[in-house]
Structures are given as C-alpha cells and as structure tokens.
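Asker: Just need the whole structure built from these sequences, with the hints factored in.
Take 1 as the starting number for the sequence shown in our numbering and just add one per residue.
Think of the hints as simulated: they come from the structure by calculation, not from any bench. Just so it is clear, CB atoms sit at the ideal spot from N, CA and C, and this is done for glycine as well. There may be inaccurate statements among the hints.
Said to hold, decoys possible - Quick list of the computed label-pair ranges, beta carbon to beta carbon: (1) 122 <-> 195: 38 to 46 Å; (2) 199 <-> 116: 38 to 46 Å; (3) 68 <-> 122: 21 to 29 Å.
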Amino acid sequence: MSELIFYTNPMSRGQIARWMLEELGAPYEQRIVQYGPEMKGPDYRAINPMGKVPAIVHDGKVITECAAICAYLAEAFPEAGLAPTAEERADYYRWMFFGAGPLEQAIINHAMKWESPEDKQAMLGYGSYELAVETLAGWLADRDYVCGDRFTAADVYVGAQVDWGQAFGTLPPHPVFAAYAERLRARPAYQRGKAIDNELIAKAKAEAEGASA
Numbered sequence: 001m002s003e004l005i006f007y008t009n010p011m012s013r014g015q016i017a018r019w020m021l022e023e024l025g026a027p028y029e030q031r032i033v034q035y036g037p038e039m040k041g042p043d044y045r046a047i048n049p050m051g052k053v054p055a056i057v058h059d060g061k062v063i064t065e066c067a068a069i070c071a072y073l074a075e076a077f078p079e080a081g082l083a084p085t086a087e088e089r090a091d092y093y094r095w096m097f098f099g100a101g102p103l104e105q106a107i108i109n110h111a112m113k114w115e116s117p118e119d120k121q122a123m124l125g126y127g128s129y130e131l132a133v134e135t136l137a138g139w140l141a142d143r144d145y146v147c148g149d150r151f152t153a154a155d156v157y158v159g160a161q162v163d164w165g166q167a168f169g170t171l172p173p174h175p176v177f178a179a180y181a182e183r184l185r186a187r188p189a190y191q192r193g194k195a196i197d198n199e200l201i202a203k204a205k206a207e208a209e210g211a212s213a
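Answerer: Written out as structure tokens, the structure reads:
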C-alpha cells in the first residue's frame, strides 16, 4: 500500500487539500504543523522550504501548492475518477491554472486594496479584479462544474476559491457563484473535510483558552 502523509494546519489552505483527500477516499496520515517556530523550523522546511502548509508526501515524493496537490492526487489515484477525460482535459487545466494564477492574484490584490491604475493593468496577469471575476462567472453560468456536468479535481481547487469568496466576501455575491458553492457544499467529502478541520480548530481554541485562564 502506498504511503500518503498530509501536513496541514486547519486554519490554512490545507482545507483545500483536505477536501481533495476526502474526495479520494484513500487512507492518509495527518500531521498538524503549528504556525511559528514549528512551521518555519528546519524539520518542516525539509519538507517545504517555504515554511507553509499544506504539503503532501506520497511514496517519498513531496508535493506542495494546492492546485498541484489536487492535480497530482487526481492522477495518482485514478480510481477516484477525479482526473479529466481526454475531452475534459483542456477545460480542466485551463481553469485549474486560471484559479491558481489570475483569479487568486486578483482576489488577494483586491482584498489588500492594491488596485492598479488602468494604464498599468496590462502588466498584471489578470487585468482587473472585475474582469477576472466576470470571466469565471461567465464560464460557470451554464455549467454545473468546471468541465461541464461532471465533478473533477478542478472543482476542488476552483470551487474552494469560490466557496471561500462567498463565505468571506472576497468574491461578490454573484448568483452563479452562490449556486456553484451550494452544489459543492452538498458533497459528502466536502462535509467530512470541513467537519475534521472545524473540530481541530475548536480543539485548538479550547486549548488556547485553557492555557490563558
């Protein structure tokens, strides 16, 4: 049996990788990495020199970055049916990398209020926040999922961006996004992943409150 180790912190993008792992249904070993000295220390930096989570180690190979983790796991565990078919491949990779590049850049810059002057937008990989948002909304307007009617690993990554954006306001309350997020939240694997991370978050908060009492 292959070895699959998952390094994460529940209050991180590790929730995306967790959801993907739950979609696989394959066993994995969880290792919680605390922010601060542990995450930035030499032991964890031997896994990810960036000192950030998530990361996975599969049969001795390290994979970091959520989009890469999703794409890798879909191919490494084909029995889960989350990798694209030949017909889906173009849409799958196009929107997976759109989410990891232009969309995430646009969302973060907008949230940080780093707005580019109109005459400088050509230097950006996304033009403007509004353009990136409407481009994704336009694609999802007449599709249930990124590749059409079928859920794939691209929906874990792109869907996590939309889900987070709807919950925390980093994306506008667009009806297309709301409907897409609702479909994703109904998935059993999504619910299992959220339950695990929410329990870990609650436990960490209780321990912190107990230590400060």
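Asker: Indicate, hint by hint, whether the structure satisfies it.
Answerer: Against the structure, the hints:
| no. | hint | in the structure |
| --- | --- | --- |
| 1 | 122 <-> 195: 38 to 46 Å | 44 Å, holds |
| 2 | 199 <-> 116: 38 to 46 Å | 41 Å, holds |
| 3 | 68 <-> 122: 21 to 29 Å | 28 Å, holds |
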